[in-house]
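Work out the full structure: start from the sequences and follow the hints.
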Amino acid sequence: MDQDVQIKITDRDGKLHEIAAPTDMALNIMEVVRLYELAPEGTIGICGGMAMCASCQCYVLTEHPLREMQDEEEAMLSEAFNVKPNSRLGCQIQITPEMEGLEIELAPED
Amino acid sequence: MITTDILIIGAGPTGLFTVFEAGLLKLKCHLIDALPQAGGQCSELYPKKPIYDIPAYPEILAGDLTEKLLEQSKQFEPGFTLGERAETIEKQADGSFVVTTNKGTQHKAAVVAIAGGLGSFEPRKPLLENIEFYEDKGVAYMIKDPEVYRNKKVVISGGGDSALDWAIFLSDVASEVTLIHRRNEFRGALDSVDKVQELKNKGLITLITPAEVTGLIGETKLEAIQVTKPGESPVTIETDCFIPLFGLSPKLGPIAQWGLEIEKNAIKVNNALDYQTNIPGIFAIGDVNTYPGKLKLILCGFHEATLMCQAAYQIINPGKRYVLKYTTVSGIDGFDGTRKEAPKAVVKSIN
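Which chain is which? The protein sequence lines are C and G, in order. This note's numbering numbers the first residue of the first sequence as 21 and each following residue consecutively. This note's numbering numbers the first residue of the second sequence as 1165 and each following residue consecutively.
Among the clues, some could well be false.
[As the list claims (entries may be wrong)] Selected chain C positions facing chain G (in silico; Cβ < 7 Å):
#1 62
#2 66
#3 67
#4 72
#5 79
#6 95
#7 98
#8 99
#9 101
#10 130
[As the list claims (entries may be wrong)] Taking lysine-lysine pairs in the DSS-like style, the calculated list, with each CA pair at most 30 Å apart, reads:
#11 C:35 / G:1432
#12 G:1489 / C:28
#13 G:1460 / C:28
#14 G:1415 / C:104
#15 G:1190 / G:1489
#16 G:1213 / C:104
#17 C:104 / G:1428
#18 C:104 / G:1289
#19 C:35 / G:1289
#20 G:1232 / G:1213
#21 G:1393 / C:104
#22 G:1458 / C:28
#23 G:1308 / G:1238
#24 C:35 / G:1460
[As the list claims (entries may be wrong)] One side only, chain G facing chain C, incomplete, derived with CB under 8 Å:
#25 1287
#26 1290
#27 1292
#28 1430
#29 1432
No lab work stands behind these hints: they were computed from the structure. Just so you know, even glycine gets a beta-carbon here, dropped at the ideal spot from N, CA and C.
This is the structure we're talking about:
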């Protein structure tokens, strides 16, 4: 479908997945990971997408312009583990057409 | 030994509504929850967030939903074992189960309903190599008895409400309080942040930000910690206690060892009938279960609880027939002696 964007996600076992993420379903990265079952249920999106856990933490490997970090996300990441300068919470990044070619890696489970 | 008809593991919305449905069938319930309060995720994670898909509530705060569920089941006098985690289950010769918590509290019931959501909330432990060695030897993830810290040197790390609140509280108890956070900004109630600022200015709290605890030192018990600021080399700080407060995250925990069939971190149940697990007498309802088409929604948990109670009734009252009664018609008789019923229509002739 033409409203899909191709993104690359490296799962927690280091396996690379090239997937088509729909842009017309208001999905965020955490939900795309669940949609394609790239991490076991119960290990990602635990709080449901409220930036209240860091189970969907990922590292952004490309320079795509992403939605700016809001206070809630910043606060959560300040308490998360394995945080790097390119860490984001997947649940806070909605899939948009500008994300074609985005590459991310899932952070390890707590 | 606490005895009841249905032992519910998990006092979230599904567990609480089970008390009501069981009560209509004259079955008594007792709930165990690892958290110190009822409500599960609704009270622990997002009490102030609105929920929009509870039938008949266009909008309700998660905390208010918990209050209303407690109120709804109040007349059925549920018992609670809070702040304890269900640890082991043993089947008895008479077919009932004994569930023992991590604190040794025993509960006996003919039916066990696991309404455990994502599992029990456990403290998130920082990733320090030897941290487990120092647990109960200076390292604690929650504060049970503040007196333990009297006249001790205490280091707290974390940037949320509990880190701020305990730093404030312990500044009055401990000989030294050091608060370490990865950022300069704290995410807490505004007055807690102001209070910490005030105590810092008075020299009662030492604040180290932005910094991280990167090492633990001590022969037999904790004696010092290493603190590292970005781009600087680690500094050693002497301390008796280190309390990392990084919030809680749910873990399926001991339930995973109960011999239940688990799939995708959830308990498999028979959704064609009654949400029973592979062990007869043990049911799983709400977010903790899985079956084809499962949706982790509070409203689905309510439905599952209702059907589960019917099966529990048959186990507890074998062979007894049951006819569904509507609360509007029959009213509700509480175990506390109260009765709720629809007002009777007045029959009176008009002359």
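Item to check | Indices of hints not satisfied (ascending) | outcome: Structure breaks hints 5, 12, 25, 27, 29.
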